[in-house]
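**Q** For the record, the sequence lines run as chains S and C.
Position 37 (the first sequence) corresponds to 26 in the working numbering; numbering is contiguous.
Position 165 (the second sequence) corresponds to 154 in the working numbering; numbering is contiguous.
Bear in mind the hints are in silico, worked out from the structure with no lab data behind them.
Where hints are given, some of them may not hold.
Note that identical chains are pooled: a pair holds if it fits in a single copy or bridges any two copies.
Said to hold, decoys possible - No more than 20 Å apart at the CA atoms, straight line, and that leaves these computed lysine to any residue pairs for SDA-like:
1. Lys235 / Arg42
2. Lys235 / Pro219
3. Lys235 / Glu127
4. Lys235 / Asp224
5. Lys235 / Thr(-7)
6. Lys235 / Thr96
7. Lys235 / Leu40
8. Lys235 / Pro113
9. Lys235 / Pro177
10. Lys235 / Ala21
In this text the structure is predicted, and so the values were computed from the model without any measurement.
Number of protein chains: 2
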Amino acid sequence: MHVTSEQRLDDGVLERTFTLGEIPGILWTPAAASASAPVPLILLGHPPLGLGRMYPRLVARARHSAAEGIATATIELPGSGDRPRWPAADRARAELRRALAAGEPVTDEIIDALILPLVERAVPEWQAALDAVLALPEIGGPVGYSGGVISIGVRLAAVEPRIMAAGLFAGSFVPRAMFEEARRVTIPLHVLLQWDDEGNDRQAALDLFDAFGSAEKALHANMGGHTGVPEFAADAAGRFFSRHLK
Amino acid sequence: MHVTSEQRLDDGVLERTFTLGEIPGILWTPAAASASAPVPLILLGHPPLGLGRMYPRLVARARHSAAEGIATATIELPGSGDRPRWPAADRARAELRRALAAGEPVTDEIIDALILPLVERAVPEWQAALDAVLALPEIGGPVGYSGGVISIGVRLAAVEPRIMAAGLFAGSFVPRAMFEEARRVTIPLHVLLQWDDEGNDRQAALDLFDAFGSAEKALHANMGGHTGVPEFAADAAGRFFSRHLK
Chain S
-10 MHVTSEQRLD DGVLERTFTL GEIPGILWTP AAASASAPVP LILLGHPPLG
40 LGRMYPRLVA RARHSAAEGI ATATIELPGS GDRPRWPAAD RARAELRRAL
90 AAGEPVTDEI IDALILPLVE RAVPEWQAAL DAVLALPEIG GPVGYSGGVI
140 SIGVRLAAVE PRIMAAGLFA GSFVPRAMFE EARRVTIPLH VLLQWDDEGN
190 DRQAALDLFD AFGSAEKALH ANMGGHTGVP EFAADAAGRF FSRHLK
Chain C
-10 MHVTSEQRLD DGVLERTFTL GEIPGILWTP AAASASAPVP LILLGHPPLG
40 LGRMYPRLVA RARHSAAEGI ATATIELPGS GDRPRWPAAD RARAELRRAL
90 AAGEPVTDEI IDALILPLVE RAVPEWQAAL DAVLALPEIG GPVGYSGGVI
140 SIGVRLAAVE PRIMAAGLFA GSFVPRAMFE EARRVTIPLH VLLQWDDEGN
190 DRQAALDLFD AFGSAEKALH ANMGGHTGVP EFAADAAGRF FSRHLK
C-alpha cells in the first residue's frame, strides 16, 4: 500500500489516496484515530462508475462514518476509472444497454456476464485492501462492508470472516448463483431498497433478502428512486454500523 | 372524557385512565407537558386482545414516546377487554380459528368479516378520542397514529386530516377493500413488517405497502417473529415520529 496524497478535510478527517499495486484507493480516518486508539473500519462499495465520479458521494459517507469514530476505505473496481479497460466487462455492459434500448428482457445470461466476472475479480482485491488497511496501527476493526454492487457485498459477506456486518444496497442485477450464496451469509445485514427504482428488479431484491441466512437482517425500503436514498435512511444505515462495529 | 384514575410513573410520566362514554382508555403525558408547553400526541393502536393484556407493551411504548416529549393515548377496541361482547366479531374470530385449525385457506370472506366491521366501528371511536384528548390544554398536536390492526391505521390515515404521520404494523389480515383505500393515503408512513411472521401474509403486506399513495413511505422488515420486533426497529419507529411530530 503506497500512499500517494494526504490531506486533512475541514472536519479533521484525514484523507489519504493510495495505490495497492495498480489499484487506486482512498482511506479516510477520523481525526482522533491513532495507534493507541485504533478505530473500526467500513469498506465503502460503489458502482463501477469510477472513483472520480463517485467521490462526492463517497466522501459524504466517509465524513458521516468518521463523525461516528469509524474509518472508511474504498478501492477502484476492475475496469473502472483510471484502471485498464476490461474488454469483457465493456462487452457485457454494451449487451445490457442494447437489450434495454431494444426493450428486450435482461436475460440471466446478460446478468451473469455483467456481474459474475466482476465479483470474481473484485472480491480478492477488496480482501487485499483489507489486509493492507488493517495493517495500519490506527485501524483496529471490527470491519463492515457497505453499499456498491450488491453481489460483491454478498460474496464478501459470505467468504470474508473479518467482515462482521454488511449494509447492502439492493439496486443492481443479481445473478441466480448469488441467491444460493446468500444462504451462507450469517452476519448481521442492513439492506436498502429503493422501492420506486424503476431500473431495478424489486422482486429479485426481495427474494435475495429472503435468502440470506442471517438471524439479524433488516430491509429498509424507501421512496426516491435509484439515487434518491433519503437522508434518514442513510442515518439508519449509520446507526446499524455503529451498533455492530463500536 | 371522564378521568377515572391518575398516577405518576417512576419516570415522571402522568398516566390517566379515562372513559369516553362506555369506552375505556389511557392517556400518558410527559412530565413536562403543560398548557404553556403543549406536546404532540401519538394514538397507540393495538390488537383486539384487551387493554389489560396489552398494558405492558402499551406503557413501554408510552414511556418511549414520553422520553421524546410526546404524549400517547389509546382506547379499548369494540368487543374487547371490559367492553360488551360483540357476537358478530366473536363469530368472525371463531370462523378464522376453525379455518386455521382445519388447514383451510383464510378466504376473503373470513378476512372481510373479521376486519371490516372492526374498522367501521373503531375508526369513529378513535376520532372521538382524538377530539377529547386534543381538547386538553397540555396536548397540542401534531398527531400521529401507531401500530395495532393495520386496516384501522389505513382508514384513519386516509380519512382523519389531523393525523400527520402513521407508523403501521403489517401483521394482520388485510381485506381487499383496504388496498384501494391505501392509495388515498398521502401522509408519511413508517411500516413495520416481521419478515418471519408465519401467521402473516407477507405478500399482502408488500402489496399494501406498494399501494400507499404517500411520497414518503418506508418499509422496515425485520426478523424475530410476530411479537419479536427488535428494539432497534422500535427505536427507528420512534425516530420517524420525532421527525414528523416535533
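**Q** Each hint: holds or not?
**A** Status of the hints after comparison with the structure:
In this homomeric assembly, Lys235 and Arg42 never come within 20 Å of each other (Cα to Cα): the closest approach is 30 Å inside a single copy and 37 Å across copies. Taking identical chains as interchangeable, the C-alpha atoms of Lys235 and Pro219 lie at most 20 Å apart only when they sit on different chains, with a minimum of 19 Å there against 24 Å within one chain. When the C-alpha separation of Lys235 and Glu127 is checked against a cutoff of 20 Å, the pair qualifies only within one copy, where the shortest distance is 15 Å, while the shortest distance between copies is 40 Å. Taking CA atoms no more than 20 Å apart as the test, Lys235 paired with Asp224 passes in both settings, with 16 Å inside one copy and 18 Å between copies.
Taking CA atoms no more than 20 Å apart as the test, Lys235 paired with Thr(-7) passes in neither setting, with 29 Å inside one copy and 47 Å between copies. Taking identical chains as interchangeable, the C-alpha atoms of Lys235 and Thr96 are never at most 20 Å apart, the minima being 42 Å within one chain and 48 Å between chains. Taking the shortest Cα distances, Lys235 and Leu40 never come within 20 Å of each other, neither inside one copy (27 Å) nor across copies (39 Å). With identical chains, the CA atoms of Lys235 and Pro113 are never at most 20 Å apart, being 26 Å at best within one copy and 47 Å at best between copies.
In the homo-oligomer, the alpha carbons of Lys235 and Pro177 lie at most 20 Å apart inside one protomer (14 Å), although the nearest pairing across protomers, at 32 Å, exceeds that limit. Taking the shortest alpha-carbon separations for Lys235 and Ala21, only the intra-copy value of 15 Å comes in at or below 20 Å, while the best inter-copy value is 33 Å.
When held up to the earlier numbered hints, the structure conflicts with 1, 5, 6, 7, 8 and fits the remainder.
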